[in-house]
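Residue numbers (numbering that gives the first Met the number 0), protein chains in the order written: chain R, 0 to 274; chain H, 0 to 291; chain U, 0 to 283.
Certain hints may be false.
Said to hold, decoys possible - Residues from chain H that face chain U, not an exhaustive set, calculated with beta carbons under 7 Å:
1. Met0
2. Val29
3. Ile84
4. Ala113
5. Phe122
These are calculated hints, taken from the structure and not from any lab test.
Computed from a prediction, not measured in an experiment: that's the story for all the values here.
Ideal Cβ positions, reconstructed from N, Cα and C, are used throughout, including at glycine.
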Amino acid sequence: MEITMEKTLDQKVVVNTIEAIDTSKPSKIEVKDVNVWYGDFQAIKGIDMEIKPNTVTAFIGPSGCGKSTFLRLFNRMNDYIDSHRMEGKIKINGKNIYKKKVNVEELRKEIGMVFQKPNPFPKSIFENVAYGLKIQGIKDKKFIEERVEKALKQADLWEEVKDKLKKSALALSGGQQQRLCIARTLAVEPSIILMDEPTSALDPISTSKIENLIFELKKKYTIIIVTHNMQQASRISDYTAFFYIGELIEYGKTKKIFTNPEKKRTENYITGRFG
Amino acid sequence: MRKIKEYLIEKLLFSSALITIAVTFGIIGVLGFEAIIFFSEVSILEFFTDTQWTPLFADKHFGILPLLTGTLLTSFIAISVALPIGLSIGIYLSEYAPKSFRKTVKPLLELLAAVPTVVYGFFALIVVTPFLQGFIPNLSGFNSLSAGIVMGIMIIPFISSLSEDALHAVPDALREASFGMGATKLQTAFKVVVPAASSGIIVSIILAISRAIGETMIVAIAAGQQPRFTLDPTVPVETITAYIVQVSLGDVQHGSIEYRTIFAAGITLFVVTFLLNTISYRIRKKYQQRYE
Amino acid sequence: MNSIQKNRLKDRLFMYWGMFSTLIGLVLLVVFIGDILIDGLGIIDWSFITNLPSRKAEKAGIYTALMGSIWILFLTAFIAIPVGVAAGVYLEEYSKKNWLSGILEINISNLAGVPSIIYGLLGLEVFVRIMNLGASVLAGSLTLSLLILPIIIVATREAIKAVPKSIQDASYALGASKWQTIWHQILPASGGGILTGVILALSRAVGETAPLIVVGALAYVPFAPDNPMDEFSVLPIQIFNWISRPQHGFIENAAAAIIILLGITFIMNGIAVYFRNKWQKKWK
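Next comes chain R alone, as it looks inside the complex (with noise of 0.2 Å):
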C-alpha cells in the first residue's frame, strides 16, 4: 500500500516539473564575460552575447577556436571535465545558471543537446526515446507513450521506426539514429536545443532531412547549432556567430555577416581564404 501510494505521490510531483517548463515562451540567453580556462590554457576569452528566443543561432569558426567548448557552457556539460574552469554569467530568462544552487539535472531538461556523432543508448528505439521521462520517475506508460510518438513524430522519424519501436536503436542508419537522437531529446520538451555539428557524420541526404527539421523546430524551440559547413550556417541561421581562437569576433544577423561582413577576419575566414 505504502509502495503505491508513494508511486503515485512521485508521478504527480514529476509531471507538475514537467509542466512547470514554458515551451511556449522560449528561453532568451545573455552571456556576460565568460572566460574559461582548461588549465592553463584559456579557451574562452571574455565574451558577451545575447541570443534571441525562437531562433537558429549559428556557431562558426575554425576548428580549435573554443565554440563547441562554448556551447556546453549553456547546459554546464564541461562540469565533469576536471580541469575545467568558468568564470562569467549565462542567464536564462534572466537566472544565472552557474550560481550554486541551480540544479544541474533540472537545468538539463530545460536545455536539450544533440551531439556531433549520433549516440543513441544500445537499447531499443522506444527506450532510448522514453528514457528521459523514466529518469525523472515518470512511470505512466500512457504518457510515455504518447510523448515517445509526438517526439518521433517531431523528429521526422515516426513512419520509419513506427512498426519497430522494439527493435534496436543501433540497427538505424546513421542519418535516423541522428534523428533518433532528436527525439530523445524533444520528448523531455525542453525550451533550448544545443546542437554540437549534428550533421558533420552524415550523408548529404540525412543532413538535409535534419537541417529541414531544424527549419520546423524553430518555431518552438530556441536552437543554437555549431557547424563547420558554412553553407549550413547561411541555409538554416537566423544569426550567425564567429568565433576565433576563444574569442567572439562577429555577431549578428546571418545575412549580414555572410554578405557584409564588418571585420576582415570574419570575411576571409567565410570565403575559405583559412580555416
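Fit chains H and U to the supplied structure of chain R, relying on the hints for placement.
Quick look at chains H and U alone, frame taken from chain R:
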C-alpha cells in the same frame, strides 16, 4: 643457411606453444585415467547421490555431494561479499572518482589478489573467526562463514578491476547523451553504462566464481576438514580442494582407492571450472567484437 | 522533495557507498597486515631466518623453507620463462589466423582459469610418478612452471602488441629476416612489459601452496636442498604447517613467516609495477 635457421626457430617456438595443448591433454588424461579406474570400483550413481563422503574411514562412502555443497557454500558466501563491493568499486572508480585517484587505487586493490592465499587462511582462522564469534556465539572454530568472507575479500579485485575495465570502455558519447537529458551520474551508470558493459561485467563475475570454487588454502585452513552435507555456514565443512589437500598431507598408498578419490574429486572440480571458463571466454569474444 | 532532488540524493549516497567500498578493501588489507606485524614482528631475528625447523616453537626457524622457496623461484623461472616467452612470440608473430591458433588461444585462456590444485594433481601423476622425479624441487618447479605458463604467454603477447608496427616495418625494410627483427627489435622493445608479466607470475609461484602440497612437498625437511632432486619445503607450506598446530607459539611463528613471505611478494610486485611504469612511458 639463413632459411634453415629461420625454419628451425619457428618450429622451436611453435613447439613451445604446443606445450600448452599438451598440458590440457595431460590434465584431462591424468584426471580421466584415474577417474575411470575409480568409477570402475564406485558407481557413478553413488558418487552423485550418496550424501556421505568417508573414503578414509572403515565404513567407506563415496558421495561427492558433501564436498560439492561445501564448495558451493563457501563460494556463494564469497561472491555475496565480493559482488556488491567489487561492482560498486568498479562503478565508483569508472564513473565518479577523479582520474588520479583511480590510477593510484587500482593497483593497490590488485595487491589484494597478489597476497598468497595461505596468508588469507591465517587471517580467516586467527582474526575473522574469533571476531565473528563475538556476534555468533555458536560459531565453530572452523566454519564456512569466515572462510567465505575472507575469500570474498580476496576476489574483490577480480570483479572490481575487470568490471572497471569494461565500464571504462563504454564510449563517453553515451554518458554525455544521458547527462545531457538531465540524468544523474547514478542514473547514467545503472541505466546506460552498466547495461552497455554488461558482458564484461558478467565475465568478471564468472571468473570470480571460478576462482572461488578452485580456491584451496583459505578453505583448507579456516573451513575445516569435515565433509558435511549442510548449508549451515557456522559449522565446519570440507570443500573439494580442501579434501585433496587433506589426502595429500596424509600417508595414502599410491594406487589405492583412497588415492584415486582425489582424482575423482579433482575431475569434478575441473569440469565445473572448465565450464565456467568456457562460458566467460565465449562472452568475452562476443563482446570484443562489439567494440572493435 | 521532488524526484530530481530525490535522484540527486541517491546519487550522493551511492557516491559515498562507492568510496566506502573502495576504501574498505584497502583498510582491511592494512588492518590485517598490521595484525600480522603485531603478532610476528617480535619473533623475527637472524636466528629465526637461519634456524632449522623444530618441534619447539621458540627454536624453530624458516631456513629450509626459505631456501626451498628460493630454489623453487629460480628453477621455475629457468623453466617457465623461455617456454612462455617463446610461445607468446609464436602466437603473436608467427601464428596465422586458423583453427589451430583459435584452439591455442581458447586453450591458454582456459588453462589460466584452471584451479592451481589441479596442476598439483597433474604434477603428482606426471612428474612425481611417471617421470619418477619424486617429491623433488624439480618436480615442484615443473608443476609451478605449467601453472604460470599462461600468465607469461598472455603478458608476452600484450607486450608485443604494444610495440608500434612501424619499428617492425623499418627492420624489414632494411632487409632483416623475421627472427632478426624479433630478436633485435621486438623483444628489446617489449622487454619491459614481458619482464613485468614474468615477475608477477613468479611472485604468484612463490606464494603457491596447494599444488606443492599435492606434489608431496614436506612440511618438515631437516636440510636445505642442494640439488634439484632434493626433497624440499617452501615458506607457504611452513606457514600452513605452523597455523595447523594448536600451540600458540607456532601462530606467532606463522605470523613472522608471513611477514617474510609478504615482504617477498610485495617487493616483487613493486618491482613489476616499477618496470611497467618505466616501460609504458617509453611508448606514450
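Evaluation of the provided hints:
Evaluation of the Met0 (chain H) hint against chain U yields a violated restraint, the C-beta minimum of about 11 Å exceeding 7 Å. The closest approach between the C-beta of Val29 (chain H) and any C-beta of chain U is roughly 4 Å, which is under the 7 Å cut-off, so the hint is satisfied. At a threshold of 7 Å, the smallest CB-CB gap from Ile84 (chain H) to chain U is about 5 Å, leaving the interface hint in force. Restraint check, Ala113 (chain H) versus chain U: the minimum CB separation of about 5 Å is within 7 Å; hint holds.
Taken as an interface hint, Phe122 (chain H) checks out: its beta carbon lies about 5 Å from the nearest beta carbon of chain U, inside 7 Å.
Hint 1 from the earlier list is the only one contradicted by this structure; the remaining hints agree with it.
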